[in-house]
Amino acid sequence: MNLPKAYDPGAYEADIYALWERSEAFVAHPDSKKEHFSISMPPPNETGTLSIGHSLFLTLQDIMARHARQRGKDVLWLPGTDHAAMAVNAIIEKKLTDEGTNKHEVGREVFLERTREFVAASRGTMLGQMRAMGASADWSRLRYTLDESLSWAVQEVFIKMYNDGLIYRGNRIVNWDPNLETNVSDEEVEYKEEQATFYTFQYGPFQIGTARPETKFGDKYVVMHPDDERYAQYKHGDTFEAEWLNGKVTATVIKDEAVDPAFGTGVMTITPWHDHTDFEIAERHGLEKQQIIDFHGKLLPIAGDFAGMSIAEARPKIAALLEEKGLLISRDEKYVHSIAVNERGKGVIEPQIRLQWFVDVNKQAVEWKGKTLSFKEVLQSVVREGDIKIIPERFEKIYFSWIDNLRDWCVSRQIWWGHRIPAWYRTDADGQVETFVGAVPPADEAEGWREWEQDPDTLDTWFSSALWTWSTLIDPELARDASLSLAEVLAGSPDYQAYHPTTVLETGWDIIFFWVARMILSTTYATGTVPFKDVYLHGMVRAEDGKKMSKSRPESIIDPLTVIPQYGTDALRMALVMGVSPGNDQNWSTGKIEANRNFCNKLWNVARYIEGIVGDDFSREKSEAVSVADHWVLSKLQQIQQGMVNDLDAYRFGEAYDKLYHFIWDDVADWYIEASKAAPNKPLLAHVLESVLLLAHPFAPFVTETIWQTLKWEGDSLLATKQLTKPLGFDAKQAATFGEIQNIVSESRFVLTALKVSGITLYYTAVPFITENAETIKRMARLQAVTEVEDGTGLFLTSTNARCWLDIDQGTAQAYLKELNAKRERQAAVIAQLEGRLSNDSYVKNAPKDIVAQTRQQLGEAQELLASLEREYDRFNTTA
RNA sequence: GGGCGCUUAGCUCAGUUGGCUAGAGCAUCUCGUUUACACCGAGAGGGUCGGGGGUUCGAAUCCCUCAGCGCCCACCA
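For the first sequence, the working numbering begins at 1 and goes up steadily by one.
Since the hints were derived computationally from the structure, they do not count as laboratory data. In this text, all values refer to a predicted model and were calculated from it rather than measured experimentally. We treat Cβ as the ideally placed atom computed from N, Cα and C, and that holds for glycine. Heads up, a few of these hints could be off.
Quick list of the computed label-pair ranges, beta carbon to beta carbon [claimed, not checked]:
| no. | residue 1 | residue 2 | range |
| --- | --- | --- | --- |
| 1 | 107 | 371 | 44 to 50 Å |
| 2 | 731 | 371 | 55 to 61 Å |
| 3 | 674 | 801 | 19 to 25 Å |
| 4 | 317 | 338 | 20 to 26 Å |
| 5 | 191 | 6 | 49 to 55 Å |
| 6 | 407 | 296 | 23 to 29 Å |
| 7 | 594 | 312 | 31 to 37 Å |
Can you make the complete structure from the sequences, with help from the hints?
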């Protein structure tokens with residue numbers, strides 16, 4: 001016997017993974033005639049180590065990839081990592097701060113060098129950990145968002161969009177993070193509640209409220225709703241004098257519907273430079289905008305004595321100044337509002353007007369399916385028309401409502417780590433600026449102009465990850481040939497031709513806007529095809545208490561790298577799949593991981609038992625059903641295999657897992673193996689084991705491959721590259737007969753346990769299948785003997801139509817009477833229900849035929865059962 | 001303010017287009033040292049599927065409504 005008593009995952013996992021990799025089991029073959037199946041792995045940020053969330057997506061995608069291989073497909077699961085501009089940038093800046101320096105002191109080149117060192121180190125760690133999860137990715141095609149060919153694609157798309165008028169540069173209000181000194185997109189901003197002081201000040205004839213007195217230096221407009229009757233006497237454009245922070249100012253009345261008359265006094269002053277709503281009001285009315293706060297979060301000279309102060313320092317002092325001037329009306333210390341912070345680094349956002357690059361989402365200049373549409377329209381079209389299906393469907397609604405509110409996408413970032421914008425500027429002596437967008441600046445040297453300088457900004461990380469499904473499939477050699485267009489490079493790239501559009505995108509619902517929508521936007525535009533056909537969205541893994549795992553509660557974080565050595569990777573994978581449904585969050589559970597560690601051991605011992613019976617060297621060609629148990633297990637196997645295939649095709653991972661679990665544990669281990677012990681059918685046991693290993697393999701690749709490698713039934717073949725077994729034929733009647741045996745065994749067990757008796761004989765009247773399986777029944781029900789009689793006495797079995805009695809004296813069986821009676825009543829109720837259903841004409845007329853036939857059959861069976869219950873009850877009642 | 005989701009056994013959750021007597025894991029109780037497995041086996045208890053109404057032959061499933069919880073988006077002068 002080769003298999004030790006208990007499965008010890010740590011002893012095999014690393015070797016098994018190395019074996020797969022050495023055998024190139026996961027390498028894709030674009031020239032293969034097989035149907036292609038492709039998934040792009042969402043590239044994890046190279047910021048450190050694998051989280052439980054990574055474990056979840058690696059598991060789900062791995063199940064899909066392995067299952068597709070088992071179905072005879074050529075599979076590409078393309079792995080990669082993301083340069084994660086903002087996140088990595090934040091880490092490096094923190095490191096520099098800790099060293100007592102900053103990015104300005106070290107300069108761009110040193111900063112980038114430091115960053116490269118950091119990501120190179122963390123990438124190796126990440127990739128090792130992805131392998132530890134068992135990810136069957138094609139590592140020969142590993143990509144990185146900053147690879148040459150991917151960067152080339154980024155540049156091409158930017159330039160193409162610019163030339164098509166879909167990218168523009170403009171002064172717009174952006175979410176500025178003074179900490180990281182960059183803007184961030186609307187999606188990267190999160191809000192948190194804060195308690196602050198809400199001041200009401202006198203401003204000319206009006207009272208205005210604010211929580212931010214420090215922004216008020218430039219105020220010269222008051223805005224109110226046009227329908228607000230309290231201020232009907234003031235007309236749009238009226239001016240008035242007001243005493244204010246820097247002395248007397250002349251202010252103008254503006255009427256705008258953005259003002260909520262019910263909030264505060266219904267009047268407000270505006271700060272267009274530092275507030276989104278105010279900016280829009282100012283744009284509508286052509287008002288002046290003035291910067292009050294600089295890009296480091298300090299007040300500008302307009303603040304007079306307060307210039308150079310931070311916001312936090314200046315705020316109370318400015319309020320005090322206004323109070324001195326007698327302009328403070330009231331102060332509410334308990335005011336709660338939300339403030340915007342950058343989700344990376346948590347810096348408080350200070351909106352600023354800056355010159356930035358934007359993707360225009362409303363301009364109709366995108367060719368899609370023969371029409372010229374805007375990005376917004378394409379995004380809507382592909383999901384509405386079914387080019388892309390989102391699972392679960394409810395996220396389609398969320399997707400549409402997001403698009404309805406979509407604003408132009410600001411793609412420039414003021415950080416250094418990332419793809420530098422391919423835009424060039426030069427100035428002449430008069431300060432005139434000329435702009436050029438292209439990979440390299442023009443060669444001309446015009447009289448009186450300085451040299452071309454590249455835009456110092458980089459692109460939003462999502463701009464490059466938006467191209468991920470296809471930029472990773474470009475042939476890097478072709479991308480180097482500057483004479484080729486994007487279309488030509490794609491046409492000449494074998495991987496792109498074979499694997500794009502990808503079959504499915506699997507990712508978390510939290511990045512549907514960041515990533516999924518942007519992939520659709522950029523890919524439809526650049527390639528004329530959708531990036532993927534299906535989108536499967538998984539939920540978050542929360543802590544055991546149902547709350548988010550959070551760095552502020554380190555004990556809440558489940559680290560896969562500590563779970564794996566303790567329970568095994570397969571147990572972790574299955575714990576994450578057990579009972580999940582698309583789009584729903586799940587709670588981490590110690591119970592689940594333990595259950596699956598046990599499940600792996602169960603599988604191990606099933607194999608161990610069968611190995612002990614059939615030996616090391618075995619052919620399954622002669623596998624066929626002999627006993628009724630054999631027929632039954634084959635019928636089950638066929639049913640389960642088909643069910644799992646259907647589930648996996650429909651992305652019902654949890655249900656496929658559930659079928660697998662119960663098939664192995666209940667059907668194979670508890671029934672089939674036990675039943676087979678009377679007369680083991682070696683070839684069939686071997687077939688069942690092989691089938692079970694294959695079905696379990698996508699979920700538990702390590703334990704199944706370990707078993708397969710230990711058995712060596714097929715020389716050096718890999719389970720990972722084997723296809724599902726073809727179903728063997730079976731006889732349905734014989735399979736059903738085993739069901740009868742199960743009934744007899746179950747009821748005997750029940751009675752024996754309930755009455756606390758043992759050493760009992762089962763009598764039966766001439767029933768061939770019992771005669772043939774007497775040994776099995778005796779063994780499984782732990783009976784003394786199974787004996788044929790003319791007419792039996794004792795306790796009559798009621799869950800089978802065969803006539804069987806347990807040899808139990810009537811005194812002992814008195815206790816059983818009660819149970820019998822309850823059973824009788826239950827059965828009568830069932831019959832009443834079924835009869836009611838069948839006596840209803842509209843049911844018989846409307847319900848599907850097979851359902852009605854089924855009901856009739858059930859009724860027949862139930863009546864028969866009740867009849868024998870009645871007989872038995874009467875007999876006991878009179879004789880006992 | 002707009003939208004989405006959840007509420008099913010003590011706990012955590014499945015339940016595909018409405019159709020077997022509503023399931024699982026964990027927990028609980030009883031029994032068991034049968035040579036694959038105590039990371040085990042056998043058996044049991046436990047739910048009027050959040051409340052109310054409706055559609056239907058039939059509702060955990062569809063519709064309306066109420067309640068509680070969670071999330072997303074917008075706004076927050």
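Here is how each hint holds up against the structure:
no.	hint	in the structure
1	107 x 371: 44 to 50 Å	holds (49 Å)
2	731 x 371: 55 to 61 Å	holds (59 Å)
3	674 x 801: 19 to 25 Å	holds (23 Å)
4	317 x 338: 20 to 26 Å	holds (24 Å)
5	191 x 6: 49 to 55 Å	holds (51 Å)
6	407 x 296: 23 to 29 Å	holds (26 Å)
7	594 x 312: 31 to 37 Å	violated (50 Å)
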